[in-house]
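For reference, the chains in residue letters:
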Amino acid sequence: MNFPIYLDNNSTTPMDPRVLEAMLPYFNEKFGNAASRNHSFGWSAEEAVDYSREQVARLIGSTSKEIIFTSGATEANNLAIKGVYEMYGSQGNHMITVTTEHKATLDACKKVEKMGGEVTYLSPSEDGLINLTDLEAAITDKTILITVMYGNNEIGVVQDIKGISAIAKKNGILFHTDATQAVGKIPVDVNEDGIDLLSFTAHKMYGPKGVGALYVRRKNPRVKVTSQMDGGGHERGMRSGTLNVPGIVGFGKACEICQNEMADEAIRLSTMRDRLEKELLTIEEAYVNGNAEHRLPHVANISFKFVEGEGLMMGTKDIAVSSGSACTSASLEPSYVLKSLGLDDELAHSSLRFGLGRFTTDEEIDFAINHVKEAVHKLREMSPLWEMFKDGIDLKSIEWAEH
Amino acid sequence: MAYSEKVIDHYQNPRNIGTLDKESKAVGTGLVGAPECGDVMRLQIEVDDATGLIKDAKFKTFGCGSAIASSSLATEWLKGKSIESAMEIDNMEIVEELALPPVKIHCSVLAEDAIKMAINDYRVKQGLEPIVDDKKHY
Numbered sequence: 023m024n025f026p027i028y029l030d031n032n033s034t035t036p037m038d039p040r041v042l043e044a045m046l047p048y049f050n051e052k053f054g055n056a057a058s059r060n061h062s063f064g065w066s067a068e069e070a071v072d073y074s075r076e077q078v079a080r081l082i083g084s085t086s087k088e089i090i091f092t093s094g095a096t097e098a099n100n101l102a103i104k105g106v107y108e109m110y111g112s113q114g115n116h117m118i119t120v121t122t123e124h125k126a127t128l129d130a131c132k133k134v135e136k137m138g139g140e141v142t143y144l145s146p147s148e149d150g151l152i153n154l155t156d157l158e159a160a161i162t163d164k165t166i167l168i169t170v171m172y173g174n175n176e177i178g179v180v181q182d183i184k185g186i187s188a189i190a191k192k193n194g195i196l197f198h199t200d201a202t203q204a205v206g207k208i209p210v211d212v213n214e215d216g217i218d219l220l221s222f223t224a225h226k227m228y229g230p231k232g233v234g235a236l237y238v239r240r241k242n243p244r245v246k247v248t249s250q251m252d253g254g255g256h257e258r259g260m261r262s263g264t265l266n267v268p269g270i271v272g273f274g275k276a277c278e279i280c281q282n283e284m285a286d287e288a289i290r291l292s293t294m295r296d297r298l299e300k301e302l303l304t305i306e307e308a309y310v311n312g313n314a315e316h317r318l319p320h321v322a323n324i325s326f327k328f329v330e331g332e333g334l335m336m337g338t339k340d341i342a343v344s345s346g347s348a349c350t351s352a353s354l355e356p357s358y359v360l361k362s363l364g365l366d367d368e369l370a371h372s373s374l375r376f377g378l379g380r381f382t383t384d385e386e387i388d389f390a391i392n393h394v395k396e397a398v399h400k401l402r403e404m405s406p407l408w409e410m411f412k413d414g415i416d417l418k419s420i421e422w423a424e425h
Numbered sequence: 056m057a058y059s060e061k062v063i064d065h066y067q068n069p070r071n072i073g074t075l076d077k078e079s080k081a082v083g084t085g086l087v088g089a090p091e092c093g094d095v096m097r098l099q100i101e102v103d104d105a106t107g108l109i110k111d112a113k114f115k116t117f118g119c120g121s122a123i124a125s126s127s128l129a130t131e132w133l134k135g136k137s138i139e140s141a142m143e144i145d146n147m148e149i150v151e152e153l154a155l156p157p158v159k160i161h162c163s164v165l166a167e168d169a170i171k172m173a174i175n176d177y178r179v180k181q182g183l184e185p186i187v188d189d190k191k192h193y
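Quick mapping for you: the protein sequence lines, in order, are chains Y and P. Following my numbering from start to finish, the first sequence increments by one per residue and tops out at 425. Following my numbering from start to finish, the second sequence increments by one per residue and tops out at 193.
Misleading hints may appear alongside valid ones.
[As the list claims (entries may be wrong)] SDA-like mimics (lysine to any residue), calculated; alpha carbons at most 25 Å apart, straight line:
1. P:K80 <-> Y:A423
2. Y:K395 <-> P:Q67
3. Y:K412 <-> P:D176
4. P:K61 <-> Y:H393
5. P:K113 <-> Y:M335
6. Y:K192 <-> Y:M109
7. Y:K412 <-> P:Q67
8. Y:K339 <-> P:V158
9. Y:K339 <-> P:P157
10. P:K113 <-> Y:F411
11. Y:K400 <-> P:Q67
12. Y:K339 <-> P:A154
13. Y:K412 <-> P:G73
14. Y:K395 <-> P:D64
15. P:K77 <-> Y:E403
16. Y:K339 <-> P:E60
17. Y:K395 <-> P:A57
18. Y:K412 <-> P:L75
19. Y:K418 <-> P:D76
20. Y:K395 <-> P:E91
21. Y:K339 <-> P:I160
22. Y:K412 <-> P:N71
23. Y:K339 <-> P:N68
24. Y:K412 <-> P:D76
25. Y:K400 <-> P:E91
26. Y:K418 <-> P:G73
27. Y:K52 <-> Y:G255
28. P:K113 <-> Y:I420
29. P:K61 <-> Y:H399
It should be emphasised that the hints constitute simulated quantities derived from the structure, not laboratory data.
The shape of chain Y in the complex, shown without the other chains (with noise of 0.2 Å):
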């Protein structure tokens, strides 16, 4: 075993190496510009282009006009929101999200606010998914667009993404979904799950980082969002900017792996996160965050109450997690994520994120489950907060001198 183990896949993958064997020619080799239509140079980087827009294409179930490559999800939600925002404005201002979004899709609807439209943001219920009946109930005639995440990436949960945008659909709504952690992970298909634009990014699937894209749809309805990067009107004129043609080339691959792998993948992954959850469960005091049951096959998120975070993640320093606590940052504000679920200040901070990989072995997952164990242990007999829970004494009873 190599140390310490990477056990935070959520955030980003190694990439494959047949992923970077399907780049390396396009560095030097094959370096052309993929807009240059009059020589070979031109023509062979196109090809290429096409060639992994069918492969990104078939893993969405979209065909490849519908891909509008992007640096990555962050610049694909942004041209999601800002887009459709700016392209259907007079038919709408106002638009759905959820507490528990990435801060690109929070963020890009700020903006939103800001241009003079208005947004709703859905609580979930405390295990992650949001209620279909408060979906409908903020709907507006003003409404444009419902954006819904479909795969967390803290907690892991899956949206009853059909049941959303069937509600969509029956009020004229676009639906947009930031699938960053699903696709390649679990089935998406965006016919069958009714999805007009989705967001994926190939760092999280085993690809290189800098490559994503949007989906839109191209009929039923003809969707269209207003370009926020202008230029040589690349892209059917939604992207400017001459394209990444290795990254798109390794995203493409990328996609095809996950295509055939992916069935058998997520079975394996999830029994070792199965087994790993099963075994940190027995620590007392601990509990699975989020929906156990809609949730992605690789992401188990875990509170251990009395423990702080960081503190454990610096108690296990062999493998590479995260964590809901902030400590290290200025606000000392936990995960807005844990909190939105309803979850105390105090086990927000408790929580260590696992997100199991292609390339994590049954050895590491044992590993891991011993280091935790014994980290949580350490720092519980350090803890005050054990030893008044182990006195009986009720933490919400004592005045704290808040800080």
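Assemble the complex: chain Y is given as a structure, and chain P must be docked to it using the hints.
Below, chain P without anything else, positioned relative to chain Y:
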């Protein structure tokens, strides 16, 4: 953000973890921070009646590595000190000793607050006035 070697050392080998009898007249207890903020420190001192010196100090901390290290270091410094010189421990000395980055300064502030709270708890038990600290941090 990488931790300094001294923080790692205190985290891995914390000095003086434990609990003193908080009912004892010779023991002062300081409990600062709040679970919602992700930091709670409990620091205790035991004062020798005859010499007036701090003969033992213990801590327990819920918090990040820097918070644990700050309180561990504080207990080390407190042992053998008089109440007067313990009152003079400044959070910036802890910051310097542990090379804490700016975002972790609050950990040292908490440790200083815990020291002062423990001393005042001891003073009140001894029938003395608590010392009012009007120092402004930052």
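Results for each hint:
1. P:K80 <-> Y:A423: Given pair K80 of chain P, A423 of chain Y holds - Cα atoms ~23 Å apart, limit 25 Å.
2. Y:K395 <-> P:Q67: holds, 16 Å
3. Y:K412 <-> P:D176: Since the Cα atoms of K412 of chain Y and D176 of chain P sit roughly 24 Å apart, the hinted pair holds (cutoff 25 Å).
4. P:K61 <-> Y:H393: Satisfied, since the Cα-Cα distance of roughly 22 Å is no more than 25 Å.
5. P:K113 <-> Y:M335: Within the cut-off at roughly 24 Å; holds.
6. Y:K192 <-> Y:M109: Holds. K192 of chain Y to M109 of chain Y sits at ~21 Å (cutoff 25 Å).
7. Y:K412 <-> P:Q67: holds, 24 Å
8. Y:K339 <-> P:V158: Given pair K339 of chain Y, V158 of chain P holds - Cα atoms ~20 Å apart, limit 25 Å.
9. Y:K339 <-> P:P157: holds, 22 Å
10. P:K113 <-> Y:F411: holds, 19 Å
11. Y:K400 <-> P:Q67: holds, 10 Å
12. Y:K339 <-> P:A154: holds, 20 Å
13. Y:K412 <-> P:G73: holds, 14 Å
14. Y:K395 <-> P:D64: Holds: K395 of chain Y and D64 of chain P sit about 21 Å apart, inside 25 Å.
15. P:K77 <-> Y:E403: It holds: about 18 Å lies between the C-alpha atoms, which stays within 25 Å.
16. Y:K339 <-> P:E60: Measuring from Cα to Cα gives roughly 14 Å; hence the hint holds.
17. Y:K395 <-> P:A57: Answer holds: K395 of chain Y to A57 of chain P is near 23 Å, not above 25 Å.
18. Y:K412 <-> P:L75: Holds. K412 of chain Y to L75 of chain P sits at ~16 Å (cutoff 25 Å).
19. Y:K418 <-> P:D76: OK: K418 of chain Y and D76 of chain P at ~23 Å, within 25 Å.
20. Y:K395 <-> P:E91: The hint holds at about 23 Å.
21. Y:K339 <-> P:I160: With Cα atoms ~23 Å apart, K339 of chain Y and I160 of chain P stay inside 25 Å; holds.
22. Y:K412 <-> P:N71: Distance ~20 Å between K412 of chain Y and N71 of chain P Cα, so the pair holds.
23. Y:K339 <-> P:N68: holds, 15 Å
24. Y:K412 <-> P:D76: Holds: K412 of chain Y and D76 of chain P sit about 16 Å apart, inside 25 Å.
25. Y:K400 <-> P:E91: holds, 21 Å
26. Y:K418 <-> P:G73: Distance of about 23 Å is within 25 Å: holds.
27. Y:K52 <-> Y:G255: Distance ~23 Å between K52 of chain Y and G255 of chain Y Cα, so the pair holds.
28. P:K113 <-> Y:I420: holds, 21 Å
29. P:K61 <-> Y:H399: With a Cα-Cα distance of about 22 Å, the restraint between K61 of chain P and H399 of chain Y holds, given a limit of 25 Å.
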